[in-house]
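Chain order of the listed sequences is A and B.
The first sequence runs 1 to 311 under the working numbering.
The second sequence runs 1001 to 1222 under the working numbering.
No lab work stands behind these hints, which were simulated from the structure alone.
Just so it is clear, the structure is predicted and the values come from calculations on it, not from any experiment.
The C-beta atom is built at its ideal place from N, Cα and C for all residues, glycine as well.
Among the hints, erroneous ones may be present.
Chain A regions said to be covered by chain B (calculated; three or more residues, Cβ under 8 Å) [to be verified]: (1) 291-302; (2) 305-311.
Okay, derived cross-link-like pairs now, DSSO-like style, lysine-lysine, Cα gap no bigger than 30 Å in a straight line [unchecked claim]: (3) B/K1076 x A/K219; (4) A/K286 x B/K1076; (5) A/K273 x B/K1208; (6) A/K219 x A/K254; (7) A/K219 x B/K1152; (8) A/K286 x B/K1016; (9) A/K273 x B/K1179; (10) A/K285 x B/K1017; (11) B/K1076 x A/K273; (12) A/K254 x B/K1076; (13) A/K273 x B/K1017; (14) A/K285 x A/K254; (15) A/K202 x A/K119; (16) B/K1152 x A/K273; (17) A/K273 x B/K1016.
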Amino acid sequence: MKLREQLFPLLNAAGVDSGVLDDPNTAHIVADGQILVSHQAIPGVKMVIEERGGVTIAGITIACDTQIANPVHLCFGLLQRVGSQHFIIHIIMEPGAKAGFIAHGLFANADIVRHSMEKRVEIGEGAELDFIDSHIHGMSGGIEVKTTGKVNVGKHGRYRSDFSLTTGRVGCLDLNESIQADDYAVVELATRVFGHDVDLIKINEEVSLKGRFSRSMIKSRVALEGEARADIVGMTEGSAEGARGHMDCMEIIKDQAIGQSTPIVKVSHPLAKITHEAAIGTVDKKQMETLIAHGLSPEQATDMIVLGILR
Amino acid sequence: MPLLEVHHAAYGVGSKKILDDLDMSIQEGEIHALIGTNGTGKSTLARLIMGSEGYTLSSGQILFAGQDIGEWPMYKRALMGISMVWQEPAWFEGISVRDYLSLGYSQADLPDCLAQVGLDPGEYLDRLLDKRMSGGERKRIELASMLALRPKLCILDEPVSGIDLVSVKSILAVIGRIKQNGSSILLITHREEVAGIADRVSLLCGGKIIMSGVPRTGYHLL
Chain A
1 MKLREQLFPL
11 LNAAGVDSGV
21 LDDPNTAHIV
31 ADGQILVSHQ
41 AIPGVKMVIE
51 ERGGVTIAGI
61 TIACDTQIAN
71 PVHLCFGLLQ
81 RVGSQHFIIH
91 IIMEPGAKAG
101 FIAHGLFANA
111 DIVRHSMEKR
121 VEIGEGAELD
131 FIDSHIHGMS
141 GGIEVKTTGK
151 VNVGKHGRYR
161 SDFSLTTGRV
171 GCLDLNESIQ
181 ADDYAVVELA
191 TRVFGHDVDL
201 IKINEEVSLK
211 GRFSRSMIKS
221 RVALEGEARA
231 DIVGMTEGSA
241 EGARGHMDCM
251 EIIKDQAIGQ
261 STPIVKVSHP
271 LAKITHEAAI
281 GTVDKKQMET
291 LIAHGLSPEQ
301 ATDMIVLGIL
311 R
Chain B
1001 MPLLEVHHAA
1011 YGVGSKKILD
1021 DLDMSIQEGE
1031 IHALIGTNGT
1041 GKSTLARLIM
1051 GSEGYTLSSG
1061 QILFAGQDIG
1071 EWPMYKRALM
1081 GISMVWQEPA
1091 WFEGISVRDY
1101 LSLGYSQADL
1111 PDCLAQVGLD
1121 PGEYLDRLLD
1131 KRMSGGERKR
1141 IELASMLALR
1151 PKLCILDEPV
1161 SGIDLVSVKS
1171 ILAVIGRIKQ
1181 NGSSILLITH
1191 REEVAGIADR
1201 VSLLCGGKII
1211 MSGVPRTGYH
1221 LL
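Model the full assembly from the supplied sequences, consistent with the hints where possible.
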């Protein structure tokens, strides 16, 4: 069986119809480790892919004022149990371009694997990018994921990112994202992670609202059980008139898990305003009792609440 | 035999007595209103019947369908057919109205349950029960869940708080429908016009039921 077809079941398990990779109107890149399995560009989406020193570098440009109807699929995974994958994705959204990207981290077979993805994004004036990064891991916990992002959002631009790792063991996750927002730009970051056993989660997200009337929202939802640990740092800096930012972190802790959240607020303009809220603790008693009074067992109620915040 | 019987119930926090030798009963198919001023222990009694964590009688008995449920955990009481709408409902992330109304293996017509509480099913079924929903909407969803769940005993703690004045009448009609569905209702309120829909009203004062009777014919001092 070809590598591409071998990745299909993993993709289907991620809730994605693998048929999208055969759709002539959908751009995609499929890679197994460092092996580029297939890629397809479509009108308005330009791709340049090369390998340099063990790192695959993919440059993707969305043409000026182009709206891409179907999301661009980035299927990065590893069929083998042991190995590594290193990617640099450089996305350029030209002014007025609009597109969605869905990255699938398919590591259900991974026993000892390192995956690193460096994301560099330039969003031009009035351009919009939705970037969904969804990981599917196996139960071994021997995976190390390092994701870094550096994003510049131009005037009136919009960037929405949604990272989720809620299926399988997290292993060791190190997620770093740094975003700069220009005038009237909008930034929305959402992170959802479920840590088990001795998983280690480190999330560091920084937004600099340097543009006038720029806005941002950082939302983190983490559930931990066993002896998992999470350290979440969210930083928002408002340095321009009318900049508005909010950070919202929630961690549900079970067993011997440990969660830590550090919100950092920096304001250097009298007309900027940044707010934050954080809640770390066990499952909310009121929510539990409400569900139990509707006929769920305490275990079912806990599962429903935890899965709810990660949805 | 009454559906619910509370005998000589006593409960306190530290040295403060909240319920003191309280007796009351709820017959099958009746709406029994429990009235009293704020802080008299109405909600405490509701939590004791529902079995909230940390709420156990210091003495006395709670019988449901003849069985002493005083030591039972909440989920066992819920499985027996006791459910409750709290005065301040909980909000949930990632749980839709449809998920919520389907709890307890409900086979009810969910759109109809929503329509009965004055919410458009097309608009609300797939909405999330998160903080974007107003208190009044959330309260209506709770009442819809009682229509869907059809508990044997439905405890409603201040069901019209957070509901605009114009809508109070329609909420009272919903409570009537919950009764028509076969549920008995313990209706906790401090508003007399709400108690007016009850078959029986008891007045809680000083930790005891001091009066009980039929709303239209007056109360009897106990």
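Against the structure, the hints:
Given a C-beta distance limit of less than 8 Å, the hint that chain B covers the segment 291-302 of chain A holds, as 8 residues qualify and 3 suffice. For a cut-off of 8 Å, the count of residues in the segment 305-311 of chain A with a CB near a CB of chain B stands at 6, and the three-residue condition holds. Distance restraint check for B/K1076 and A/K219: the Cα-Cα separation of roughly 36 Å exceeds the 30 Å cut-off, and the hinted pair is therefore not satisfied. For the hint pairing A/K286 with B/K1076, the CA-to-CA distance comes to about 17 Å; that is within 30 Å, so the pair holds.
Straight-line distance between C-alpha atoms of A/K273 and B/K1208 comes to about 52 Å, which puts the hinted pair past the 30 Å bound. Taken as a hint, the A/K219 and A/K254 pair is honoured in the structure, with Cα atoms around 21 Å apart against an allowance of 30 Å. Note on A/K219 and B/K1152: the hinted pairing is violated, with a Cα-Cα distance of about 41 Å set against a maximum of 30 Å. Taking the CA atoms of A/K286 and B/K1016, the gap is about 24 Å. The hint holds against a cut of 30 Å.
The hinted pair formed by A/K273 and B/K1179 fails the criterion: a straight-line CA distance of about 51 Å is larger than 30 Å. As the CA atoms of A/K285 and B/K1017 are separated by approximately 24 Å, the hinted pair is consistent with the 30 Å bound. Between B/K1076 and A/K273 the alpha-carbon distance is near 49 Å, which puts this suggested pair outside the 30 Å criterion. Restraint check for A/K254 and B/K1076: the C-alpha separation of about 23 Å stays at or below 30 Å, so the hint holds.
For the hint pairing A/K273 with B/K1017, the CA-to-CA distance comes to about 48 Å; that exceeds 30 Å, so the pair is violated. Distance check on the hinted pair: A/K285 and A/K254 sit about 13 Å apart at the alpha-carbon level, within 30 Å; holds. Simply put, A/K202 and A/K119 have alpha-carbon atoms about 17 Å apart, close enough for the 30 Å limit, and the pair holds. A distance of roughly 51 Å separates the Cα atoms of B/K1152 and A/K273; the hinted pair therefore is violated under the 30 Å criterion.
The suggested pairing of A/K273 with B/K1016 is violated, with an alpha-carbon distance near 46 Å, which exceeds 30 Å.
In terms of the numbered hints stated before, the structure departs from hints 3, 5, 7, 9, 11, 13, 16, 17, listed from lowest to highest.
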